[in-house]
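A.B. asks: We have chain A; now place chain B onto it with these hints.
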Amino acid sequence: MASASPEKTRWMRGPSTPLRGALLGLLLERPGHGGDLANRLAARLGETWRVDTNDVYRLLEQLEKTGLAVSRDEPKRNNHRRTHLVYYPTEESSAALTLWMETLLPREPVRLGLQAKLSVAREEDAHRLLAALRAYERECLMLAQLVTPNDGRGRSWTALCLDCTRDAVYAQLEVEITWATRTRQRINEHLERSQ
Amino acid sequence: MTPLLSFLNVSKRYPDGGRDILVLDRVSLEINAGVSAGVLGPRRSGKSTLLRLAAGIALPDSGIVSFEGRDVGQMAGSERGRLLRGAIAFMSASDWRATAGESVVDHVATSLGSEGLTMREARRRATRVLDRVEIGAAGAEEPTTSLSQTERARVMLARALARQPKLLVLDEPALLPSLGERDRFYALLRDAAQESDITLLMASEEMSALQGVGVLMSICDGEVISPQARGTVVPLHGGRRAGAERSWQ
Chain A
1 MASASPEKTR WMRGPSTPLR GALLGLLLER PGHGGDLANR LAARLGETWR VDTNDVYRLL
61 EQLEKTGLAV SRDEPKRNNH RRTHLVYYPT EESSAALTLW METLLPREPV RLGLQAKLSV
121 AREEDAHRLL AALRAYEREC LMLAQLVTPN DGRGRSWTAL CLDCTRDAVY AQLEVEITWA
181 TRTRQRINEH LERSQ
Chain B
1 MTPLLSFLNV SKRYPDGGRD ILVLDRVSLE INAGVSAGVL GPRRSGKSTL LRLAAGIALP
61 DSGIVSFEGR DVGQMAGSER GRLLRGAIAF MSASDWRATA GESVVDHVAT SLGSEGLTMR
121 EARRRATRVL DRVEIGAAGA EEPTTSLSQT ERARVMLARA LARQPKLLVL DEPALLPSLG
181 ERDRFYALLR DAAQESDITL LMASEEMSAL QGVGVLMSIC DGEVISPQAR GTVVPLHGGR
241 RAGAERSWQ
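Residue numbers (this note's numbering), protein chains in the order written: chain A, 1 to 195; chain B, 1 to 249.
Chain A with its partners taken away, still in its complex shape (with noise of 0.2 Å):
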């Protein structure tokens, strides 16, 4: 892990990091308006990640407030008459983005709602339980029908780029997948066993 100064990292902190570093990436590949960089950045991160567009122009207008971003009023290309905030990358962007991919982030917190739900569920809850962990699992396997499948052709490296992305959308949501049957078999087995 990089060891870098808070300073140059304070853009990281708080919620919503890796949308704001791959905002600051496509930004190096090719300025853009708030409406353009929010179809590349879900076309890129792929329809699970559900990118809101309202978020894209807070988080562009947060890095803009740490300098790692400028925007200009610029005319539309097809109304000339009409203006629309362009942004563009600074001289800190690509430093920051480097700094962004040596950096560990934290540990993200995940299913927080079921396993606090655990965490205070009385014997009575069982069945509860099992049904919302049912319900969990359904919206983890509608997720993974959601994501582009590999044609198994990419020789390129933003193809690898696509294939890790896909991976690792996969990697989590099977480990969820696992973590959910197994938690409703425990439970069963603990019905049965006081029945």
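Worth flagging that the hints you see were computed from the coordinates, not collected in a lab.
All of these numbers come straight from a predicted model, not from anything done at the bench.
Virtual Cβ for every residue (Gly too), placed ideally from N, Cα, C.
Hints may contain errors.
[Unchecked claim] Below, a sample of chain B positions facing chain A; criterion: calculated Cβ distance under 7 Å:
#  : residue
1  : GLU30
2  : ASN32
3  : ALA33
4  : GLY34
5  : ARG184
6  : ALA187
7  : MET207
8  : SER208
9  : LEU216
10 : SER218
11 : CYS220
12 : ASP221
13 : ILE225
C.D. replies: Here is chain B on its own, set in the frame of chain A:
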């Protein structure tokens, strides 16, 4: 519309020491023609049992498995055998059998024995389908004993596709060491099924092997779970936990 395959309250037990293990507990689901469905589950979760019942290789202890609206359990053994050689194809990587001296194209062509084709016609169809799974003319003449793991998986797929089944059931068909080759195998499988209007039902321990399926299910502890998707796979509530499901809603 009659589903291509349906399970109605299907249960299956296996003896384990002095007691029975309930592998499937009153599972109900329907798979319509043209759908691709994936079953995700860890080892010994019951996914192979589910597939063997779907293919008519095994019969349930209770409940009904129907193919095109007909109860498979009520069919005579010979009729079930014909089904498995015709409308249903079953593929599992562990079922690979190579005969010394046999070429790849002959390996695929001989599987068409019950189709009423001449050997020449069978070889022509085998060549076409081998080409579909990216095994060219040179590869088709290679002996089956010289094939790599990836090539074996593709030849097995070709063998299953050559019979032009309505339902292709695949149990962990390609746990290949190369991730790129594995991705390509599944892409070929999906494309071939779509082109030929074949319904897919496949199972794996790995979610990435099931990428691109229309409906993804998970199986564990005798129960099948799937996102509700009307018109494709419709898991119907049932079994010992149905009451729990209702009480939560």
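A.B. asks: When the hints from earlier in the document are held up against this structure, which numbers fail?
C.D. replies: 1, 2, 3 and 4
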